[in-house]
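Engineer: The chain contents come next:
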Amino acid sequence: MNRDRTWLLIGKKLAGEASAEELQELEGLLRSDPDMHYALQNITDLWSLSSPEQHNTEDAFNRHLNRLKEAGAHWEEEPEPIEMDADFLPPADQVTNRLPKLRRRKAFLLMGIAAALLLIVAEIFLYNSKLKPSSPARPFAAHHTGEKNEITTRNGSKTKITLPDGSKVWLNAGSKLTYNKDFGNTIREVELTGEAFFDVVHINSSAHGQAVPFIIHTPQIDVHVVGTAFNVKSYPGDRQTETSLLRGKVEVLIHSRPDEKIILRPNEKLVVMNDEEMPRSTLPSKPTTITNQPFVSVSKLSYTTSDSILVETAWVQNKLVFDNESFTDVAAKMERWYNVQFQFNDEQTEKLRFSGVFENETIEQALTALSIASPFHYAITGNKITITR
Amino acid sequence: MLASPQIQELQQRIALYDDQSAYKELFALFYKSLLQFACSYVRSPEIAEEVVSDVFIKVWKKRSGLVRIYNLKLYLFISTKNGALNYLRSQKKIFLQPEQYQVQLESIWFNPEKLMLTAEMMNRVQKAINDLPPRCRLIFKLVKEDGLKYREVAELLNLSLKTVENQMTTALRKIGSAIHFDISTTLSS
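Chains G and P, in that order, are what the protein sequence lines are.
1 is the number of the first residue of the first sequence in my numbering; add one for each residue after it.
1 is the number of the first residue of the second sequence in my numbering; add one for each residue after it.
Please keep in mind that the hints were generated in silico from the structure rather than gathered at the bench.
Just to be clear, a hint being listed does not mean it is correct.
[Stated by the list, open to error] Listed next, with one range per pair, are the computed distances between beta-carbon atoms:
(1) P:Glu9 <-> G:Gln24: 31 to 37 angstroms
(2) G:Asp182 <-> P:Pro45: 40 to 46 angstroms
(3) G:Pro258 <-> P:Arg68: 33 to 39 angstroms
(4) G:Tyr38 <-> P:Asp131: 17 to 23 angstroms
Being a predicted model, the structure only gives us computed values, none of them experimental.
Every residue, glycine too, gets a C-beta built ideally from N, C-alpha and C.
Use the sequences and the hints to build the structure in full.
Structural biologist: So, in structure tokens, the structure goes:
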């Protein structure tokens, strides 16, 4: 008996390629040829066997990495940690040193890293109730559905991302960065909710030879950058948006004043008051102490008096810095930093002011230090912190 | 072998986020399969390793374009084959005919816990596989161990789908009759 048709169908069945009709046909063939059942059973068992050895590819991969580096490909030695501890920000010279490798990687683009550092800070945040971490199981989550890529961090964690053009982004806690699938082709645009430090590479378009702009959209302002490294913070519920430039040059466009383009010089800080339509605190009890600050103002960056830490960028180096800030503002920062929730039972305590730097302290150590500076009492229950006089 | 959605996820992580751990995962997934495949052409494990390494170097260097590759698995196999053929060309070595491919199957082994077959029957199965013509054995391996689809094997080896089907039929018939032979003799003895 010619069983080739049977074997053909068995093969297709095992390989997962048989159609419903073919499976039916095979059933029929086997019914008329019961001898085949035993062979089919054994062949099926054989097919499901996998190789006895668990191949260890570690050594092969290391040999491969050596060849990869010899071939001039860019490879970072340490796997990039998801939760950053020390050395959160590579020193500027280190960033610059990577340039030749980047250039080789994208030969069709002229790249360079402009010596510019920009920081956009919405300094006083109330509650970031609008931000819902999309994935509680992981410290950050990347979604690439449809036309947009979205990276989110939950409170208590940060992450570092490399964008398709080679630009690096450090995303602070409770933040979201979105960019289009076609990012980098003719224009580089990202949307930011929360806070991020950008290290943007300079790219000249292969088509027209002009610099490809990099634009950060926040609800209140757009920041146009051509090769710079900077930090943007725009949490929902913040009272003001602050843009601080360390080095280089950036242009800031304020949405509500489309005719004004503000150019920042190094060491300058642009403060834009968020308008009334901005998402605000959901807690009505929060003080809305509107100062008589002008809508737009430019001032110098602030350094801590004791050790000259630049307040605006301290988070990138994993430092939590307060510079004569009210307890309300301190609590808002700590909520994001430690992923906790503050509850004040006393209005006077809310108005206490603090200065200080925390680096590796636990929430408890930090609260103890603060309570020594200005007396108050605290109780920690889970991630809830209750402050009393 | 991974299901293709998982390969696609690795592919996206590498292309969009320069994800080094995803790249390492991809390497670990395909290294052995590609090494054996390259070896069937170049017949030297050392050369085969270089061929496969070159394929992965290209993947990393051109990672941003990875999203445009529709079938990464097939792409890796075809790149490996091209790399192996280029090596043979550069060495002015004669191209091997498919009849000369050296292919070893690793997944056919005696596992009494998983099989109803005896060790002796298993030996006969092994022999049947080893006696398969090399091209037939390669096709069987690519489908069974590397999880390639018939049409992928056809594209990879420049064969018609019909030929792949026929070769698979031959392989299964021979392995099957090794088992079947055993029943007949067992029953008649």
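Engineer: Determine which of the earlier numbered hints do not hold for this structure and return their numbers in increasing order.
Structural biologist: none
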